Each structure stands twice: as C-alpha cells, then as structure tokens.
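I would like the entire structure built from these sequences, with the hints used as guidance.
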Amino acid sequence: MPDPISANQVAIESGTSLGKDAWLRLKKNKFAVLGLFFFIFVTLLCFITPLIPGLLADPDSTDLPNRGLPPGEGGFLMGSDSLGRDLFSRIIYGGRVSLGVGFLATLVSLTIGTVYGSVSAYVGGRTDSIMMRIVDILYALPFMIIVIILTTFFGNELWLLFLAIGAVEWLTMSRIVRGQVLSLKKQEFVEAARSLGLSHANIIFRHILPNTVGPVIVYTTLTVPAVMLLESVLSFLGLGVQPPAASWGSLIKEGADHMRTSPWLLAFPSLFFSLSIFSLNAVGDGLRDALDVRASKD
Amino acid sequence: MDQTRYILSRLGQSLLALFCIITITFFIARLAPGGPFNDDKAVPAHIQAKMEAYYGLDKPLPVQYIKYIGNLLTGDFGSSFGNKGFTVAEVIAQGAPISLAIGLGGLLFALAIGIPLGTLAASRKNTKTDYFSMSFAMLGICIPTFVVGPLLAIFFGLRLGWFNAWGWFQPTDWILPSLTLGIYYGAYIARLTRGGMLEILGQDYIRTARAKGVSQFNILFGHAFRGGIIPVVNFLGPALAGLISGSFVVETIFGLDGLGQHFITAATNRDYPLILGTVFFYAVLIITVNFLVDLLQVWLNPRLRAARA
Amino acid sequence: MPLLDVKDLKVHFHTREGIVRAVDGVSFSLEKGGTLGIVGESGSGKSVTCYSLLGLIPMPPGRIEGGTAHFDGTDLLQLGESGLRKVRGKRISMIFQDPMTCLNPFLKIKDQLIEPLLLHTDTNKTDALKEAIKALGDVGIRDPEKTVHAYPHEFSGGMRQRVMIAMALITKPELLIADEPTTALDVTIQKQVLDLIKDRQKALGTAVIFITHDLAVVSEVCDHVNVMYAGRFVESAPTDVLFKSPAHAYTRALQASIPALQEKGKPLYTIPGAPPNLLALPKGCTFAPRAAVKDGHLDTQPPFAEIKPGHFAQNCPACLKISEPQMSKDLIL
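Chains as they are written, first to last, in numbering that gives the first Met the number 0: chain G, 0 to 297; chain F, 0 to 308; chain H, 0 to 332.
These are calculated hints, taken from the structure and not from any lab test. This structure is a prediction, so every number in the text was calculated from the model and none was measured. Glycine is no exception: its CB is placed at the ideal position from the N, C-alpha and C atoms. Check the hints yourself; a few may be wrong.
[Stated by the list, open to error] Straight-line distance between alpha carbons at most 20 Å, and here's what the computed SDA-like set of lysine to any residue pairs gives:
hint: 1; chain 1: G; residue 1: 27; chain 2: F; residue 2: 287
hint: 2; chain 1: G; residue 1: 19; chain 2: H; residue 2: 16
hint: 3; chain 1: H; residue 1: 190; chain 2: H; residue 2: 213
hint: 4; chain 1: H; residue 1: 107; chain 2: F; residue 2: 302
hint: 5; chain 1: G; residue 1: 27; chain 2: F; residue 2: 133
hint: 6; chain 1: F; residue 1: 127; chain 2: G; residue 2: 28
hint: 7; chain 1: H; residue 1: 145; chain 2: H; residue 2: 106
hint: 8; chain 1: H; residue 1: 293; chain 2: H; residue 2: 271
hint: 9; chain 1: H; residue 1: 89; chain 2: H; residue 2: 1
hint: 10; chain 1: H; residue 1: 85; chain 2: F; residue 2: 302
[To be verified] To give an idea of the chain H side of the interface with chain F (calculated C-beta under 7 Å), a few residues:
hint: 11; residue: 55
hint: 12; residue: 87
hint: 13; residue: 88
hint: 14; residue: 90
hint: 15; residue: 93
hint: 16; residue: 100
hint: 17; residue: 101
hint: 18; residue: 102
hint: 19; residue: 105
hint: 20; residue: 114
hint: 21; residue: 118
hint: 22; residue: 146
hint: 23; residue: 150
hint: 24; residue: 152
If you want it as structure tokens, here you go:
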C-alpha cells in the first residue's frame, strides 16, 4: 500500500538522521537492547574481575577433598569440578578465551573480507566474477576439516586457532562488502572523486569503505557468535585450548562428561555460552532490521 | 547445447576445486612438524626410519605427491597407518554409512522442522505465533549441538529409555544424533524460510493473487513457496558442510564409530593416507551436492533457467 | 440501484507514529457498466479506498473505521475474508500499476490465467486453458496458443499488462478496478492499453473504476470523476463538467499541471508544496497550505456540498473562489 508508507516517510525524513533513526528503531527492539546490555556485562565480567586481586579463586588450583561440590557449598559460587577447582572462576577465565578468540578472529575475518570484497567490486568485470566464483566454491568447503588439520598439526596455539577461524569466516563479510561497494560505486561522489584524479586505494579507503560501515557492523555482530561457536566445537573435540586452560567449549565438554553426577558443571558454562551467543544474535538481528541491511548475492 | 556446456564447465570447476583441496591438504599435512612415527611411543630411530621407508615417507615431497595423485587416479587410496591391516577405502566404507545416515537424517529433521515453522511464522507475521516460533528458532541456534546432544541422550535415552543413549546397535540409533543436528539446522532453516517467504509475500504478485480470490493457504503454497524457499535451497550447500563438522561433534557425544571419528583420530595421529582419503571423500560429497543444488536452483527459478539456457 | 454504493468510508492505519487517516469519509456510487475516475496525487488515499473494498489492505495496521460499501445489495465491508474471497476475481477484479512485478515470475502465464476460472467456476483444466488462450487473443496477444505456456519474464511490460487485463476479465466480472493501469508503461503503450480496457468494457459490460493521478487518462475514459486529496474527496462531477468548470482550487491546480494544456516555452507548472502529512492533518481546509489564495480558508472541516446540480465540491470559500487572472499568474510560476 503506497499511501501509508509515504506518510511514514514524510515523518522520518523530516525528523532524524540515519544513525539516530537506526538507534531509535533498535531501542524499540527489547531483545536487542537486553542482549546488548547483557553482552557488555558478560564481557566486562570476564575481562575486569580477574584483574581485581583476591576476588576470584585461582581457576587452576585443585582442591581434591572439595571436588564435585554443588553450587553454594564450600564457598564455591557455582560449585566445584571433579578436581575441586572453582567453576565460577573457570567460567570467567574460560570466557576470556572464548570472547577473546571471538573478537580477534572476527577482526581477522573483517579485515580479509573487507579488503577482498571491496577490491572485487571495485575492479569489477572478469576479476570480480572470478573472485566471487572462488568465494562460492570456498563457501561449500568443509572448512572445519582444514581447521582441524591446522590445529592438530601445528599444535594447539591460540593465535593459530583464531587465525584459522578468521580465515574461514570472512566469506560472508566479503559478499556483504562487495554488494555495498557495487551500489556505492555507481554513485556520483565516487565519480567525482575519480574525476579529481584520486588513486584507487584512496577512493576505496577514503570514500567507499566508510560508507559500508552499517552492513559491516551488522555482520561483525553476527560473526562474533559464529566464531565463538566454531571455537567451542574445536574445544569440545579437544582440539582447541588445552588443559588446564579452559574455554566455554571445553568447560561444556567437561560438564557433559559429568552431567549425571554434577549437572551444574554442564548447566553453568552452557548458560553463559548460550546466553552470550543469544544476546549477540539478538543485537545483530536488531541492528540488521534497524539499518535495513541485506546480504546481496549479485 | 548451452545447457550441456554449462554442465561441463561446472564439472570442470568442480574437478579443479577437488584437485586444489587435495593438494592443499597434502602439503599442509606434510609440511607440518612431526610425523606419524615420532610420537611419544619412543620408537628407536632406526625402526622409525625403516617404517618411513616402507611407507615411502623418506622420498622428497614432490615425488610422494606425484605418486599419491597417480595412485588416486587409479582409485588407490593407500593403506591406513593407524588402522593396521586396513586400506583407507575399507576404513571409509566402514565409517561413511554411519556418518551419512546421521547427516541425512539430520537434514531431513532440519527441513521437517524448519520449513513448516518458518512458513507458519511468515504467514502470521508479528503475531504471537511468529514471536514464539522465532524465539524457538533463536534458542535452537544459540544452544550448541554439544549441549543439546547430551540433554537429548539423558532425556530420551536414559530417562524415557526410548533409544540408546550411546553407540550404534539398533536400527533406531540414528534418531537421536540426527535430531541433535536437525534442531540446530532446523532453527537456521526456519529463519531462512521466514525471511524468504516474507520477502515473497510482500511482492506485488501476491497482492494480485489475493485480488483473484486465492485463499491464504494457496497463496502460501501455490504462489509464494517456490520463491520463498530459494534461500533454503541456497543454504543446502553450506548446510552440508556444517552437517559434516556437526557430525564430528555428534559422533563424539553418542559414541559412534563414524567417518568423523576416523578423521579426527587420523588427524591427531598423522595418518596421512586416511586424512587425505577422508578429505577426498568429503570434498566429492560436497561438490556433488553443490552441483545438484545448482541444478535445483535453476529448476526452481524460471528466470535463471532462461539466463542459463 | 447502483452497482456499487460506497457511503462515508473511513480507513485508518494505526502505526507506531500515530493514526494515518488514509481514507476519511468518502462516498461515491457507480452504475452498471459505468466508468468512474478517482484522481489524486500519490498518498491521497485513492488506492486505499479501492483496496479496502476488497479487504486487500494489510490489517493490522489498517482498519476500516466506518461506512458501508454496498455491491449489488451486499455490504462488502461486512462480508469477511471468506465472503470477500468469493467476490474477488469473480465479480470484482483488479489490475495494478506495475505489470513487471504483478505477475508471479515463478508460474507460467497459463497457470495464472486459469486460476480465477478454476477457483470461481466449475470449468475443468482443459476448458479453462481454451478460455485462457481465447482471452489472450482478445487482449491482442499474438500466437496465444504458444505464449500461454511462457513465463512472465518472456513478455514486455505492455504485453504483461495485457495479460493482467485478460486475467482480470476472464471471469467476466461486473466491476474492474484499475489502479494506475498505464502509469508504468511507455507513452506509446499507454493509449493502447486504455483503448483495450475501453474495448473490453464495451464487449463485457463491465463497470470500471480508474484510479489515477493523470487527469488526461480520466478525460479520455471516465463518465464521472472524483478528485481526492488527503483522504477526502474535494470535488466530484461528470467528466465534461469537471474539465469545463472545475470548482475547487486543487482540481484547477491539477488541471494546470497537465503539460499538454500549458503554454509552450514556459516552465511547466507544478503544485507547490507536498501532500500533507496524514498523521497531522491541518485542522480546517487541508489544501489551505498549498492554495494560491491564502486568505479565507475554513478553520473547520469544509462540508462536501452540491454547489451546482450534480456537481459536488468541498465547500471552502477560499478554495472555491474563481480567480482566473491570479491563477494563471501565480500558478504558472
């Protein structure tokens, strides 16, 4: 129905800027706002509390007489594991690994994807179609296999883990950026920049990429949980972080092994992990709706 | 004529991709530090050298590579280092049926959960039904398979005793592993279906259909469905790749002796022939499915059909 | 008894920003076989008026707040979804603005053409296909036996609009609602499509409502014209009367903006300003902010009154003031 929509547009056009308008729309999405606050809370919890001395028990110190205690007993907020380690403390430290890998690997994928996508779209023509065909082919590859081979063969180095995951997760990002650049390329201010004799790199980095920020933010928000999931799968399979260090994935694995005797060992790490993923997805979905971003394939 | 050419060029691309995968895997595996016979078992150096010579591992890498590709072309995958007395083909033949069964079952569950749920949500957009379905889908995506799997095993396996919580003994043993995979991908497919259907339901030609007096049911399934499930069809390729990595997890949870377990063991033990064999098997599977998906897309979309013909 | 008799129709949209009074008290009637035009800028509510008769507005947010719409004795607004479904495509059909997007790209022409027959009549598939082929021939599509098996993307815009017309008329409806049927077409095609609708109308005895922003279309095909502005009719008269002696300032402005009627060599006239925001309508005369005559507009909603026999207009003294000399001076800027 064209009529009521045009009435809405009048209201929007006469009012707020795009970013502010997006924020107003995001604010109306309760899930997204709740998710945002929860995720910020969890992130701060994981990165700040270990810095305060005496607040957390050592996540690696074992206390065999007090093993397998349920939450609240023996001074363990969330119980103790099969070696008497403080579960809460392990979750916090594990969260640093999970979130850290999530952020860093996303950064890697963001960098690769942005450069690849913008170059492909900007150069265009045959190069573009070949580059995108490569992405199509890579999309269908079982990257988990490559990641597993990399992590088992080169040792369980954390930096390798996020490098490998980041190298896997850049595909969607490159498609998003490409679609955005393609539509921007046709616009007049790029034409103007070119007629002023600016270099290609200058046009891409100064004039085009800043305008792709919206969609990139949305997919960055959605990439972090995807990466965290990948990391947790690897840790679950015993191929990620190695004991005694923990990530949420490896804690869930330990919990699953003891779920009949000490169900809290599965419950708490799962809760932290799932709620974090949930909140990030809610924020990403909310942002996507607020900014009206879509992945374009062509 | 052009159709044939299109298929041939796709086939060429597929073979090229296959070749690249094998080559990359070969060199990653071989350039990594360590080897199959120098682990903690402390094999004396001269025995290690003998074993390496026996398997041809002492020759220069390019020679080994060419020999491997040559063998591959004749259908010879070599012998597994880790599974003594078994060829790689035999190990794959043992594990693949299990993995394929739970993967296929997972896909069926995913489609059976996702498509109806997504269609329902789209047809009742912004109602309680929609919010409920999508919250459920969001949960399915956010709770990883390695949490869902143990929960299903406890509930259906131990509490209710309907299925085995572990192992591969009965003809019903595929159900719980498949359900574990199916819930996750079903949630994803539900979201894709909803998005695709909403996109189509907002099109002018749906209004045309309503103006003709078509019922809501027929609008959904007669007019919107074909276009609406295109995102789901596009997702089938990546979904398969996901199901394969998912099967690694699910086989671990349910103690299944599938291909995923063989692959992980092979990777940890540097069982080069088995690694390459499984990777080859997965790659062929994925490339074949992607090819079929491509054909399905063209069949579904008359405009693509025209563009490719 | 008129075929369609709409009285005081009110359709509002309840959006987050507030209530959009898209249609706010509109009345009109149409005799069997007659042709009615509803003219207005986009956003004036002319499409919503007609869509709401068939229950085609999204509800929510849309809601029919009041009025009646008697079609052959039954009130369409009371029929409900299942009752309306029997009317849609059978007794009242519609064609839409953009033929490129109004045909389903995934279905063959034949499946879309025979659908109304299969839904609303006892015709079997074979006979329906024969009728579809005949209907395609009737709207001037060449080689209909072959083209009926094609997909929409194999057709040009004009051809698709012909298919739309064939599809709308295949059940021989008593009323055809044509929503901007020529707007998206090339100028050369527009005339052909209008002629085709007129031709089919004569052959089938169908009544037609033309929704358009183009007065030229109205002058060519309609017996009677309603001019719509901000959800209300501002003027209603037989076509020749409206063109010869337009009463309301908005109608005169619309007329002045027909390019063909303007002096050559001068900049084209456009109505200053934009249609009012339906969320916050001016209290009194809604056209006051855009009118050339600024003084003397009503502060309360002007009544829709019969100013001459058979000639109705929104009775705001300032809008009805005929001020020809100023008009040509002010309006042709």
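Checked hints:
no. : hint          : in the structure
1   : G:27 x F:287  : 45 Å, violated
2   : G:19 x H:16   : 16 Å, holds
3   : H:190 x H:213 : 13 Å, holds
4   : H:107 x F:302 : 11 Å, holds
5   : G:27 x F:133  : 18 Å, holds
6   : F:127 x G:28  : 15 Å, holds
7   : H:145 x H:106 : 15 Å, holds
8   : H:293 x H:271 : 13 Å, holds
9   : H:89 x H:1    : 19 Å, holds
10  : H:85 x F:302  : 32 Å, violated
11  : 55            : 6 Å, holds
12  : 87            : 4 Å, holds
13  : 88            : 4 Å, holds
14  : 90            : 9 Å, violated
15  : 93            : 4 Å, holds
16  : 100           : 4 Å, holds
17  : 101           : 5 Å, holds
18  : 102           : 6 Å, holds
19  : 105           : 4 Å, holds
20  : 114           : 6 Å, holds
21  : 118           : 5 Å, holds
22  : 146           : 14 Å, violated
23  : 150           : 4 Å, holds
24  : 152           : 5 Å, holds
Hints 1, 10, 14, 22, counting from the list given before, are not met by this structure.
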